[in-house]
Amino acid sequence: MLLVKPAATDVRRVAFYRRAGFLRALAPLALLLIWQVGSSSGWISAKKLPAPSAVFDAGVQTFESGQLIDALLVSGQRALYGFALGAVLALALGILAGLSKIGEYAVDPPLQMLRTIPLFGLIPVFIIWFGIGEEPKVYLIALGVFFPLYLNTFAGIRQLDPKLIELGDALGLTFLERLRLLVLPGALPQILVGARQSLGIAWLSLIVAEQINASAGLGFVINNAREFLRTDIVVFGLVIYSLLGLGTDAIVRLLERRALRWQPRVGR
1 MLLVKPAATD VRRVAFYRRA GFLRALAPLA LLLIWQVGSS SGWISAKKLP
51 APSAVFDAGV QTFESGQLID ALLVSGQRAL YGFALGAVLA LALGILAGLS
101 KIGEYAVDPP LQMLRTIPLF GLIPVFIIWF GIGEEPKVYL IALGVFFPLY
151 LNTFAGIRQL DPKLIELGDA LGLTFLERLR LLVLPGALPQ ILVGARQSLG
201 IAWLSLIVAE QINASAGLGF VINNAREFLR TDIVVFGLVI YSLLGLGTDA
251 IVRLLERRAL RWQPRVGR
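Following the UniProt record's numbering, the numbering of the sequence shown begins with 1 at its first residue and continues without gaps.
The set of hints was computed from the structure by calculation and includes no laboratory data. Honestly, I wouldn't trust all of these hints.
[To be verified] Computed spacing ranges between beta-carbons, pair by pair:
#, residue 1, residue 2, range
1, L181, W129, 25 to 31 Å
2, P110, K48, 56 to 62 Å
3, G133, D249, 44 to 50 Å
4, I165, R115, 47 to 53 Å
5, Q77, R180, 27 to 33 Å
6, L164, L238, 40 to 46 Å
7, P109, L26, 42 to 48 Å
For every residue, glycine included, the Cβ atom is placed at its ideal position computed from N, Cα and C.
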(Lines of atoms letter the chains of each structure in order from A and count residues from 1; the text may use other names and numbers.)
(Lines give C-alpha, C1' and ligand atoms only; values in the text may rest on other atoms or scores of the structure.)
Protein backbone atom coordinates (compact mmCIF):
# COMPACT_ATOMS: atom_id res chain seq x y z
CA MET A 1 0.00 0.00 0.00
CA LEU A 2 1.43 3.36 -1.05
CA LEU A 3 1.27 6.13 1.54
CA VAL A 4 1.36 9.70 0.27
CA LYS A 5 2.96 12.17 2.63
CA PRO A 6 0.97 15.42 2.86
CA ALA A 7 2.63 18.47 1.42
CA ALA A 8 4.30 20.82 3.87
CA THR A 9 2.11 23.71 2.72
CA ASP A 10 -1.05 21.71 3.44
CA VAL A 11 0.20 20.84 6.92
CA ARG A 12 1.04 24.48 7.62
CA ARG A 13 -2.37 25.60 6.33
CA VAL A 14 -4.22 23.19 8.63
CA ALA A 15 -1.99 24.18 11.54
CA PHE A 16 -2.74 27.85 10.87
CA TYR A 17 -6.48 27.26 10.92
CA ARG A 18 -6.24 25.41 14.22
CA ARG A 19 -3.86 27.89 15.80
CA ALA A 20 -5.77 30.98 14.72
CA GLY A 21 -9.15 29.57 15.74
CA PHE A 22 -10.36 29.98 12.16
CA LEU A 23 -13.22 27.51 12.42
CA ARG A 24 -14.28 28.90 15.80
CA ALA A 25 -14.53 32.42 14.38
CA LEU A 26 -16.16 31.42 11.09
CA ALA A 27 -19.74 31.02 12.37
CA PRO A 28 -19.89 34.38 14.26
CA LEU A 29 -18.41 36.20 11.26
CA ALA A 30 -20.96 34.61 8.93
CA LEU A 31 -23.76 35.58 11.33
CA LEU A 32 -22.53 39.19 11.43
CA LEU A 33 -22.40 39.30 7.64
CA ILE A 34 -25.96 37.99 7.29
CA TRP A 35 -27.13 40.47 9.94
CA GLN A 36 -25.46 43.41 8.19
CA VAL A 37 -26.79 42.43 4.76
CA GLY A 38 -30.30 41.94 6.17
CA SER A 39 -30.23 45.35 7.85
CA SER A 40 -28.79 47.16 4.83
CA SER A 41 -31.38 45.64 2.50
CA GLY A 42 -34.28 46.53 4.80
CA TRP A 43 -35.22 42.94 5.64
CA ILE A 44 -34.52 43.65 9.31
CA SER A 45 -36.14 46.69 10.90
CA ALA A 46 -33.55 49.15 12.25
CA LYS A 47 -35.89 50.01 15.15
CA LYS A 48 -36.09 46.39 16.29
CA LEU A 49 -32.53 45.29 15.49
CA PRO A 50 -30.02 47.90 14.31
CA ALA A 51 -27.26 46.90 11.92
CA PRO A 52 -23.91 45.76 13.38
CA SER A 53 -22.34 48.98 12.09
CA ALA A 54 -24.91 51.04 14.04
CA VAL A 55 -24.31 48.96 17.16
CA PHE A 56 -20.57 49.48 16.76
CA ASP A 57 -21.03 53.25 16.43
CA ALA A 58 -23.18 53.28 19.58
CA GLY A 59 -20.46 51.34 21.38
CA VAL A 60 -17.83 53.86 20.31
CA GLN A 61 -19.99 56.71 21.61
CA THR A 62 -20.52 54.92 24.92
CA PHE A 63 -16.79 54.29 25.24
CA GLU A 64 -15.78 57.85 24.37
CA SER A 65 -18.20 59.24 26.95
CA GLY A 66 -16.53 57.13 29.66
CA GLN A 67 -19.82 55.44 30.50
CA LEU A 68 -18.70 52.03 29.25
CA ILE A 69 -15.55 51.84 31.39
CA ASP A 70 -17.43 52.92 34.52
CA ALA A 71 -20.17 50.37 33.83
CA LEU A 72 -17.64 47.58 33.26
CA LEU A 73 -15.85 48.35 36.52
CA VAL A 74 -19.07 48.30 38.54
CA SER A 75 -20.51 45.19 36.90
CA GLY A 76 -17.16 43.40 37.00
CA GLN A 77 -16.86 44.07 40.71
CA ARG A 78 -20.34 42.68 41.35
CA ALA A 79 -19.62 39.58 39.28
CA LEU A 80 -16.25 39.05 40.99
CA TYR A 81 -17.65 39.33 44.52
CA GLY A 82 -20.63 37.14 43.69
CA PHE A 83 -18.50 34.48 42.01
CA ALA A 84 -15.98 34.42 44.86
CA LEU A 85 -18.70 34.04 47.50
CA GLY A 86 -20.61 31.39 45.56
CA ALA A 87 -17.46 29.44 44.65
CA VAL A 88 -16.16 29.28 48.22
CA LEU A 89 -19.51 28.03 49.55
CA ALA A 90 -19.92 25.57 46.65
CA LEU A 91 -16.48 24.04 47.16
CA ALA A 92 -16.91 23.79 50.93
CA LEU A 93 -20.35 22.18 50.82
CA GLY A 94 -19.47 20.04 47.79
CA ILE A 95 -16.49 18.61 49.66
CA LEU A 96 -18.60 18.06 52.78
CA ALA A 97 -21.36 16.26 50.88
CA GLY A 98 -18.93 14.35 48.69
CA LEU A 99 -16.77 12.96 51.46
CA SER A 100 -19.46 12.18 54.02
CA LYS A 101 -22.82 10.44 53.78
CA ILE A 102 -23.98 12.37 56.83
CA GLY A 103 -22.87 15.58 55.13
CA GLU A 104 -24.78 14.61 51.99
CA TYR A 105 -27.98 13.88 53.93
CA ALA A 106 -27.68 17.17 55.84
CA VAL A 107 -26.73 19.44 52.95
CA ASP A 108 -28.00 18.05 49.66
CA PRO A 109 -31.82 17.85 50.14
CA PRO A 110 -32.36 21.52 51.10
CA LEU A 111 -29.96 22.64 48.38
CA GLN A 112 -31.83 20.64 45.74
CA MET A 113 -35.06 22.30 46.87
CA LEU A 114 -33.46 25.75 46.64
CA ARG A 115 -32.00 24.94 43.21
CA THR A 116 -35.48 24.68 41.66
CA ILE A 117 -36.43 28.26 42.60
CA PRO A 118 -35.79 30.71 39.70
CA LEU A 119 -33.62 33.74 40.43
CA PHE A 120 -36.37 36.13 39.32
CA GLY A 121 -38.64 34.61 41.96
CA LEU A 122 -36.11 35.44 44.67
CA ILE A 123 -35.77 39.12 43.80
CA PRO A 124 -38.69 40.31 46.02
CA VAL A 125 -37.45 38.20 48.93
CA PHE A 126 -33.88 39.48 48.58
CA ILE A 127 -35.12 43.08 48.45
CA ILE A 128 -37.05 42.54 51.70
CA TRP A 129 -34.08 40.85 53.37
CA PHE A 130 -31.17 42.93 52.09
CA GLY A 131 -32.65 46.16 50.75
CA ILE A 132 -31.90 47.64 47.32
CA GLY A 133 -28.16 48.23 47.67
CA GLU A 134 -25.29 46.08 46.46
CA GLU A 135 -25.92 43.14 48.81
CA PRO A 136 -28.91 41.57 47.00
CA LYS A 137 -27.11 41.86 43.67
CA VAL A 138 -24.00 40.08 44.95
CA TYR A 139 -26.04 37.41 46.74
CA LEU A 140 -28.12 36.68 43.63
CA ILE A 141 -24.96 36.21 41.58
CA ALA A 142 -23.48 34.01 44.30
CA LEU A 143 -26.60 31.86 44.32
CA GLY A 144 -26.51 31.44 40.55
CA VAL A 145 -22.81 30.55 40.67
CA PHE A 146 -23.20 28.12 43.56
CA PHE A 147 -25.14 25.20 42.12
CA PRO A 148 -23.11 24.19 39.03
CA LEU A 149 -19.88 24.25 41.02
CA TYR A 150 -21.41 22.46 44.00
CA LEU A 151 -22.91 19.69 41.86
CA ASN A 152 -19.71 19.14 39.89
CA THR A 153 -17.54 19.15 43.01
CA PHE A 154 -19.85 16.63 44.65
CA ALA A 155 -19.91 14.42 41.54
CA GLY A 156 -16.15 14.66 41.04
CA ILE A 157 -15.43 13.50 44.58
CA ARG A 158 -17.97 10.68 44.42
CA GLN A 159 -16.38 9.38 41.20
CA LEU A 160 -12.95 9.02 42.79
CA ASP A 161 -11.42 5.58 43.05
CA PRO A 162 -11.94 4.36 46.66
CA LYS A 163 -8.39 3.02 46.55
CA LEU A 164 -7.16 6.61 46.65
CA ILE A 165 -8.76 7.07 50.06
CA GLU A 166 -7.34 3.73 51.18
CA LEU A 167 -3.92 4.89 50.01
CA GLY A 168 -4.24 7.99 52.15
CA ASP A 169 -5.13 5.87 55.17
CA ALA A 170 -2.18 3.55 54.51
CA LEU A 171 0.21 6.49 54.29
CA GLY A 172 -1.16 7.97 57.49
CA LEU A 173 -2.16 11.24 55.84
CA THR A 174 -4.21 13.74 57.79
CA PHE A 175 -7.59 14.87 56.49
CA LEU A 176 -6.17 18.09 55.05
CA GLU A 177 -3.28 16.22 53.41
CA ARG A 178 -5.67 13.72 51.80
CA LEU A 179 -7.83 16.57 50.63
CA ARG A 180 -4.92 18.50 49.13
CA LEU A 181 -2.94 15.59 47.67
CA LEU A 182 -5.61 13.07 46.67
CA VAL A 183 -9.20 14.31 46.69
CA LEU A 184 -8.97 17.73 45.04
CA PRO A 185 -6.48 16.70 42.31
CA GLY A 186 -8.65 13.68 41.47
CA ALA A 187 -11.83 15.75 41.32
CA LEU A 188 -10.19 18.72 39.57
CA PRO A 189 -11.44 17.94 36.02
CA GLN A 190 -15.04 17.91 37.21
CA ILE A 191 -14.50 20.98 39.40
CA LEU A 192 -13.17 22.95 36.43
CA VAL A 193 -16.22 21.96 34.39
CA GLY A 194 -18.35 23.38 37.18
CA ALA A 195 -16.24 26.55 37.25
CA ARG A 196 -16.83 27.11 33.52
CA GLN A 197 -20.57 26.65 33.96
CA SER A 198 -20.63 28.89 37.02
CA LEU A 199 -18.78 31.71 35.28
CA GLY A 200 -21.31 31.65 32.45
CA ILE A 201 -24.19 31.75 34.92
CA ALA A 202 -22.47 34.56 36.84
CA TRP A 203 -22.98 36.90 33.88
CA LEU A 204 -26.56 35.71 33.40
CA SER A 205 -27.23 36.27 37.10
CA LEU A 206 -25.65 39.71 36.83
CA ILE A 207 -28.24 40.69 34.22
CA VAL A 208 -30.99 39.63 36.63
CA ALA A 209 -29.32 41.26 39.64
CA GLU A 210 -28.87 44.60 37.94
CA GLN A 211 -32.63 44.91 37.56
CA ILE A 212 -32.71 45.73 41.30
CA ASN A 213 -32.59 49.53 41.39
CA ALA A 214 -29.18 49.70 39.71
CA SER A 215 -27.76 53.21 39.38
CA ALA A 216 -24.54 52.06 37.70
CA GLY A 217 -23.25 49.11 35.72
CA LEU A 218 -24.09 47.51 32.40
CA GLY A 219 -27.64 46.76 33.51
CA PHE A 220 -28.20 50.43 34.30
CA VAL A 221 -26.83 51.45 30.88
CA ILE A 222 -29.16 48.98 29.14
CA ASN A 223 -32.23 50.00 31.15
CA ASN A 224 -31.51 53.68 30.58
CA ALA A 225 -31.13 53.09 26.83
CA ARG A 226 -34.39 51.13 26.76
CA GLU A 227 -36.28 54.09 28.23
CA PHE A 228 -35.01 56.30 25.39
CA LEU A 229 -35.63 53.58 22.76
CA ARG A 230 -31.90 53.30 22.01
CA THR A 231 -31.99 49.74 20.74
CA ASP A 232 -28.44 50.08 19.41
CA ILE A 233 -27.07 50.66 22.92
CA VAL A 234 -29.22 47.84 24.32
CA VAL A 235 -27.82 45.41 21.75
CA PHE A 236 -24.30 46.70 22.38
CA GLY A 237 -24.71 46.05 26.10
CA LEU A 238 -25.87 42.49 25.42
CA VAL A 239 -22.86 41.95 23.15
CA ILE A 240 -20.59 43.13 25.97
CA TYR A 241 -22.22 40.64 28.36
CA SER A 242 -21.60 37.84 25.87
CA LEU A 243 -17.98 38.89 25.30
CA LEU A 244 -17.36 38.96 29.04
CA GLY A 245 -18.73 35.43 29.31
CA LEU A 246 -16.62 34.29 26.37
CA GLY A 247 -13.50 35.89 27.81
CA THR A 248 -13.85 34.36 31.27
CA ASP A 249 -14.60 30.97 29.73
CA ALA A 250 -11.41 31.22 27.66
CA ILE A 251 -9.41 31.97 30.81
CA VAL A 252 -10.79 28.88 32.56
CA ARG A 253 -10.13 26.76 29.46
CA LEU A 254 -6.52 27.93 29.50
CA LEU A 255 -6.18 27.13 33.21
CA GLU A 256 -7.82 23.77 32.56
CA ARG A 257 -5.30 22.87 29.85
CA ARG A 258 -2.38 23.81 32.07
CA ALA A 259 -3.70 22.17 35.23
CA LEU A 260 -4.69 18.95 33.45
CA ARG A 261 -1.66 18.47 31.22
CA TRP A 262 -1.32 14.96 32.64
CA GLN A 263 -4.80 14.00 31.38
CA PRO A 264 -4.97 12.44 27.87
CA ARG A 265 -7.03 14.49 25.41
CA VAL A 266 -9.43 12.87 22.97
CA GLY A 267 -10.09 15.81 20.66
CA ARG A 268 -7.36 17.29 18.46
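| task | Please flag the earlier hints that this structure goes against, numbers listed from lowest up. | result | The structure conflicts with hints 1, 2, 3 and 4, although it agrees with all the remaining ones.
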